[in-house]
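Single-letter residue listing:
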Amino acid sequence: MRVPSTLRRGEVGFNMTPMIDVVFLLIIFFLVSSHLVKQENQMQLPLPEAKQGERIADDQSRPVVVNVKEDGELISAGSSITPDQLINVLSERRTRGGTDIEVRIRCNRNVPYLHVEPIMLACTKAGIWNVTFSVIRPQESS
Amino acid sequence: MRRHSPFTERRRGLTVAMTPMIDVVFLLLVFFVWSARFTQIEYSLPSHLVAAIGTGSETIDTPLEVEDFDRVVVRILWDEDHPVWLVNDEARSDLAEVAALLKALADIKQDAPVVLDPDAEVPLGHVIDIYDVALAAEFEKIQFAAAM
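So the protein sequences, as listed, match chains A and B.
Under the working numbering, the first residue of the first sequence is numbered 1, with each subsequent residue one higher.
Under the working numbering, the first residue of the second sequence is numbered 1, with each subsequent residue one higher.
Think of the hints as simulated: they come from the structure by calculation, not from any bench.
Check each hint, because a few of them may be wrong.
Unchecked claim - With a straight-line cut-off of 25 angstroms between C-alpha atoms, the simulated SDA-like cross-links for lysine to any residue are:
#1 A:Lys51 x B:Asp119
#2 A:Lys51 x B:Lys103
#3 B:Lys103 x A:Asp71
#4 B:Lys141 x A:Ile81
#5 A:Lys51 x B:Pro113
#6 A:Lys51 x B:Phe139
#7 A:Lys125 x A:Asp100
#8 A:Lys51 x B:Val87
#9 A:Lys69 x B:Lys103
#10 A:Lys51 x B:Asp81
#11 A:Lys51 x B:Ala17
#12 B:Lys103 x A:Arg137
#13 A:Lys51 x B:Ala112
#14 B:Lys103 x A:Arg96
#15 A:Lys51 x B:Glu97
#16 A:Lys69 x B:Asp79
#17 B:Lys141 x A:Lys69
#18 A:Lys125 x B:Ser47
#19 A:Lys125 x B:Ala120
#20 A:Lys51 x A:Arg96
#21 B:Lys141 x A:Arg96
#22 A:Lys69 x B:Leu77
#23 B:Lys109 x A:Gln52
#24 B:Lys103 x B:Leu77
#25 B:Lys141 x A:Asp71
#26 A:Lys51 x A:Ile136
#27 A:Lys51 x B:Asp23
#28 A:Lys51 x B:Phe32
#29 A:Lys51 x B:Thr19
#30 A:Lys51 x B:His82
#31 A:Lys125 x B:Glu97
#32 A:Lys125 x B:Ala145
#33 A:Lys51 x B:Glu42
#34 A:Lys125 x B:Glu140
#35 B:Lys103 x A:Gln139
#36 A:Lys51 x B:Met21
#37 A:Lys51 x B:Ser44
#38 A:Lys51 x B:Val30
#39 B:Lys103 x B:Gly125
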């Protein structure tokens, strides 16, 4: 007859492996997602060259980035946008964030000025005066 | 009947499995190398728009008089496949000449606003070139002309 024993104890080992798996998964997820959020505003474009460009500070507030593709299409926040829609977007941002909003134009250097001018007009119509151009230093273009 | 004794319990070995950790570390390494390789360092060229925007072509009718000018209007024209610059209606075909002229004007009147008036078909790269040399000449105010 088998006598139940109270002396038999289960092992009290603490299995760390699943926890480490999950923690690493979370770390990778957050790294990749933050990188993708950054890349949304970093469309690969042949930017104009300028020697007087200033280093972009990391601590400044997030600007409204408008990318201008070679065919003149405007891309903001990952989607195509018209100048009229841009006025609405900028006006909304202005009402939420005040007048100190930066609009950063990232434009293909070969795009005719006629595609850039509407962006600046949209800024003035929305009451935003702080407009910057993304550029690269000449030696970095090669 | 065999009884289990707590004192003779078989113990597990405390070996640490390194393989998953090395897998993950290599994954992170590859991720950072990949993201660093394709990141281009960008700089910001500041400009402050002004409320009163007009067409630069209407502003200056007389040839450049360095002793008396209120503002410097730089028109950028597009001639087939290259730009031509008009600095207060004086034509320049070389960017270095424009840079030298702007520097000379800035030495005379640094607070004079520079108004850039590019043609619609001028590529932005050439507009930024002029903007860059105007900043290098240390003009305090650089504006864009636009037809409202």
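Of the hints stated earlier, which fail here? Hints 3, 4, 9, 11, 14, 17, 20, 21, 25, 27, 28, 29, 31, 36, 38 not satisfied by this model.
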